[in-house]
Structures are given as structure tokens and as C-alpha cells.
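Protein chains: 2
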Amino acid sequence: MTETAAETAGGRRSDRTRAAILTAARERFAADGYERATIRAIAADATIDPAMVMRYFGNKEKLFAAAAEFDLRLPDLSALPREELGAALTSHFLDRWEGDESLKALLRASVTNEVAADRMRELFAAQLGPMIAKLSASTASAASSATAGGANTVDAASSVDVATRAGLVATQALGFALCRYVLALPPVANLSREEAVAWLGPTITRYLTGTPSTGTRQANTS
Amino acid sequence: MTETAAETAGGRRSDRTRAAILTAARERFAADGYERATIRAIAADATIDPAMVMRYFGNKEKLFAAAAEFDLRLPDLSALPREELGAALTSHFLDRWEGDESLKALLRASVTNEVAADRMRELFAAQLGPMIAKLSASTASAASSATAGGANTVDAASSVDVATRAGLVATQALGFALCRYVLALPPVANLSREEAVAWLGPTITRYLTGTPSTGTRQANTS
DNA sequence: TGGCCAAGTCAACACCTGTTGACCTACGGT
DNA sequence: ACCGTAGGTCAACAGGTGTTGACTTGGCCA
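Chains as they are written, first to last, in my numbering: chain G, 1 to 222; chain U, 1 to 222.
You may find that some hints are simply not true.
[As the list claims (entries may be wrong)] Away from chain U, derived, C-beta distances all over 12 Å, residues of chain G: (1) T23; (2) Y34; (3) E61; (4) E98; (5) R108; (6) L123.
[As the list claims (entries may be wrong)] Only some residues are given here: those of chain U computed to face chain G with a beta carbon under 10 Å: (7) V162; (8) A173; (9) S213.
For the record, the hints were derived by calculation from the structure and aren't laboratory data. Only a predicted model underlies this, so the values are computations on that prediction, with no experimental measurement involved. Positions of the beta carbon are idealized from the N, C-alpha and C atoms, including for glycine.
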């Protein structure tokens with residue numbers, strides 16, 4: 001705590017144990033959730049003393065905060081045609097889920113830990129939201145009409161709140177991750193990557209750019 | 001033995017405390033998850049002694065099993081037109097989520113507790129699966145009016161595994177519940193009931209009866 | 001060489017957990 | 001009256017938790 005060193009020298013002893021703690025913490029938090037992942041178990045995984053965890057991270061909550069730091073690394077999708085947005089984003093989500101245990105740790109913990117839930121909320125508000133805003137901004141240039149109160153025009157897509165779209169995407173993305181990686185619901189866990197993208201893609205596309213169905217009118221969603 | 005009959009008014013003394021324990025347990029499990037919901041806290045809520053919980057339910061796991069017993073009470077949707085299936089099922093899910101805390105308890109616990117996860121898996125396999133099976137059986141006979149354009153193959157729907165459909169519905173249903181009731185993601189929590197049904201309805205409908213995005217243009221070169 | 005300080009060890013604290021067993025109390029049947 | 005028993009209370013156990021503080025090691029610089 002005394003030195004938040006700026007030197008990125010690879011060999012420092014403390015940096016290696018610090019990294020070992022973080023790796024072990026991510027695995028434990030991802031596998032067990034916040035309360036069942038004990039500092040003692042994490043320390044044992046990293047083959048260090050539990051007191052070291054306190055020395056480096058202060059307390060359990062700060063350890064989790066450090067272990068669950070996460071960036072969705074959302075790509076720029078504004079060049080893609082509309083109907084491929086969902087598939088591309090779904091594919092990206094699958095990459096992020098399978099490439100980094102932090103997200104699984106964050107999901108498991110956010111169900112019972114308020115700090116983790118806060119971070120989850122912020123993740124979608126601060127990262128997914130802006131991406132969607134940029135997306136609809138680039139597609140709105142085609143219509144280029146004033147954003148006045150007329151709700152049921154051709155521009156109906158942009159009349160939906162960006163945050164709402166982000167929230168809807170979150171419901172499908174987190175729900176899929178929950179069923180596939182946490183609950184391991186067999187039919188969802190057994191889905192191939194291509195099947196998953198094929199099923200979720202249109203859903204995500206609609207949440208990103210579409211409109212809700214207005215009553216019984218909905219005829220075709222393709 | 002004789003206790004099954006006379007429990008409407010007043011009832012046996014033990015039945016009342018038993019019910020009080022179950023109610024308190026459901027609330028605590030729903031609010032805190034499995035590990036943070038302590039027997040002592042549940043007993044305090046029910047204003048009884050912690051030892052009573054053990055007397056009536058044996059141990060914490062059995063208490064949870066009793067508190068999280070749940071029936072989705074899925075309605076018979078086979079009379080509805082295809083495109084309204086999703087909205088009807090979504091509406092029913094909202095009712096169940098908001099009318100009984102058991103589901104919230106089950107969701108929160110299933111993320112960290114294996115017994116709860118098992119029950120969650122069984123819930124969708126044993127209750128939602130059969131309902132979809134009945135659904136696709138009835139529509140296969142009735143929906144032979146091939147005038148509705150746009151579909152490529154009439155039998156394409158039934159070629160998808162029923163369990164897969166149930167799993168997909170689970171991803172959206174649980175994801176929505178997670179975001180709305182557990183994480184309280186603002187844009188999702190603030191959705192009105194009608195908005196929620198309008199957004200989720202088409203998604204659920206497609207998972208119930210539709211096909212993955214093979215019908216539309218496939219830009220996937222894998 | 002000698003000292004210094006980061007890095008690591010060890011044992012303990014205070015608290016909370018599920019769970020247990022011994023004890024008390026009300027009360028209906030005989 | 002008696003007493004058996006269902007229902008309830010109480011204090012404690014054994015183990016696990018996050019966290020702390022005093023202590024020891026190891027390697028670098030003057």
C-alpha cells in the first residue's frame with residue numbers, strides 16, 4: 001500500500017505473489033461465489049499465507065474488487081449491417097465469457113454481494129450503453145430527422161431509450177451465461193457455439209435496433 | 001395422519017410455527033441467498049428458537065428444500081395462436097415471479113448451492129419441457145394452413161429438440177428475472193409490465209416455435 | 001560487513017455458523 | 001389425581017471465518 005509502484009519490471013517478487021493471489025481469487029470466486037470463497041482457500045491455492053492476502057489487498061471485499069475488475073472490450077460494430085449486429089455481439093460475449101473467469105466470478109458474486117451487483121450494473125450502464133448509443137447514432141444518420149416528440153415514425157427505433165436496450169441485452173446475455181456456465185442447464189450447456197449464435201443473434205439484434213411488439217400486430221420478425 | 005384434514009381454521013399448534021418458519025425462510029433465502037441466510041436469522045424472523053428449525057426440518061439443506069418447493073403452474077397454451085404464445089408465457093412468468101418468493105429464493109440460492117441448482121434444472125426440464133412438447137404436438141396437427149408466407153418448412157419447428165427450446169426459454173426468463181428482481185438493473189426494473197411483455201414476448205415465441213436464424217441470410221462462414 | 005526494509009510466517013483473537021442435548025412447560029386422556 | 005408427550009427453551013459445542021500483530025527471513029545498498 002505504501003508504494004503503488006509505477007515500475008512494470010517483470011521480476012519483482014511481490015508482483016508475482018500478487019498476481020498469484022489474484023489468479024487464485026478469480027478461480028475461487030468464479031467457482032464458489034463470494035461468501036463460499038474463503039481467504040484461506042484462496043491463499044492455499046496460491047501457496048501463500050492468508051495474512052499475505054490482507055497485506056496486499058486490505059480485506060476480502062477489496063480483494064474481490066481487484067479480482068473482478070473487468071472490461072467487456074466491446075468491439076466497434078457500427079460498420080456492420082443491422083441484421084448481423086446481434087450475431088457479432090453474441091459471438092463476442094461468448095469469447096469474453098470463455099476467455100476470462102472474472103465475468104463468471106462477477107456474475108456468481110453479484111447475486112449475493114451488493115458491491116458485485118453494483119459493479120455488474122455499472123458494467124452494462126457504462127460499457128454497453130455507450131456502445132449502443134454510438135450504434136444508433138451511426139444508423140440514425142440515414143434517417144436524419146429531428147428527434148422531436150413524434151414517437152411512431154420511421155425513426156421509432158431511436159425513440160427507445162438506449163439504457164433500456166442495454167438492459168434488454170443484459171437480460172439475454174446474463175441469462176444465457178447463467179444457464180450455460182453457472183447452472184449448467186444441459187440443453188444450454190450442450191449448445192454448440194454456432195447454435196448459440198444462431199439462436200441468440202436475432203434476439204440481440206432486435207433488442208439493439210428493433211421495437212417491441214405492439215399488442216397483437218406483430219406479423220413477422222425476420 | 002389426521003392432520004391433513006383440519007388445518008383450515010387455526011390448525012394444530014405445530015403447523016402454525018412450521019408455516020411461520022417456512023415463510024421466514026423463504027424471505028431470507030430470497031433476500032440473502034443460501035449461505036447468508038442463517039438459521040438464527042430465520043428463527044428470529046419467525047420469533048421462535050433456532051433449535052425449533054432443526055426439530056422441524058432436520059438441517060439447513062432440508063429447510064431450504066422445503067422452502068424452495070415450487071410449481072411453475074404453467075397454463076395450457078395450446079389453444080392460443082402461435083404468435084401470442086410468448087406474450088402469454090411471459091405474462092404468466094411475471095405473475096409467478098411476483099406472487100411467490102420461492103422462485104427468487106431458488107434463483108439466488110442456485111447460483112452457489114448445488115442442491116438448489118439441481119432443483120432449478122429439474123424445474124425447467126420437468127415442467128417447461130413437457131409443456132412445450134404438448135404445444136408443438138398440438139400445433140403440428142392444427143397449423144397446417146400453409147398460407148402464412150415467410151416460413152420455409154412447416155415441420156422445421158418440430159425438428160428442434162424440445163429440451164433445447166425449454167433451455168432457451170430459461171435463458172431469457174431467468175436472465176430477465178435476474179436483472180429485474182435480483183440485480184435490479186434500473187432500465188430492466190423500471191420496465192412496465194406491458195413493456196416487458198412486448199419486448200420478451202416475440203423472443204419467447206421464437207424460442208418456443210421458431211427456428212434459429214438459418215431462415216434469414218446466413219453470413220456465417222464459421 | 002552491517003544494517004534496513006520489504007516479504008513472508010505463525011499463532012492467536014473475536015465472532016459467527018450449524019447443530020446438539022439436556023431441560024422445562026402445558027395439557028389432554030385415563 | 002397422575003403422567004406421557006408434543007411443543008418449546010436454553011446454553012453450549014466444535015468448527016470455520018475474516019482479521020490482527022508480533023515475529024523471522026532474505027536480499028539489496030551504503
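Each hint tested on the structure:
Under the 12 Å C-beta cut-off, the non-interface status given to G:T23 relative to chain U holds; the minimum distance is some 21 Å. Residue-level check failed: G:Y34 sits 8 Å from the nearest beta carbon of chain U, not beyond 12 Å. Every C-beta of chain U lies more than 12 Å from that of G:E61, the closest at about 14 Å, which supports listing it as non-interface. Distance check for G:E98 against chain U: the nearest CB is about 16 Å away, which clears 12 Å, and the non-interface claim stands.
Residue placement check: G:R108 does not keep its beta carbon more than 12 Å from all beta carbons of chain U (closest about 6 Å). For G:L123, the non-interface assignment is contradicted: its Cβ lies about 10 Å from the closest Cβ of chain U, within the 12 Å cut-off. Because the smallest distance between the Cβ of U:V162 and any Cβ of chain G comes to about 9 Å, under 10 Å, the interface hint for this residue holds. At a threshold of 10 Å, the smallest CB-CB gap from U:A173 to chain G is about 7 Å, leaving the interface hint in force.
Among the interface hints, the one on U:S213 holds; its C-beta lies about 5 Å from the nearest C-beta in chain G, closer than the 10 Å criterion.
Hints 2, 5 and 6 from the list above are not met by this structure, while the remaining hints are.
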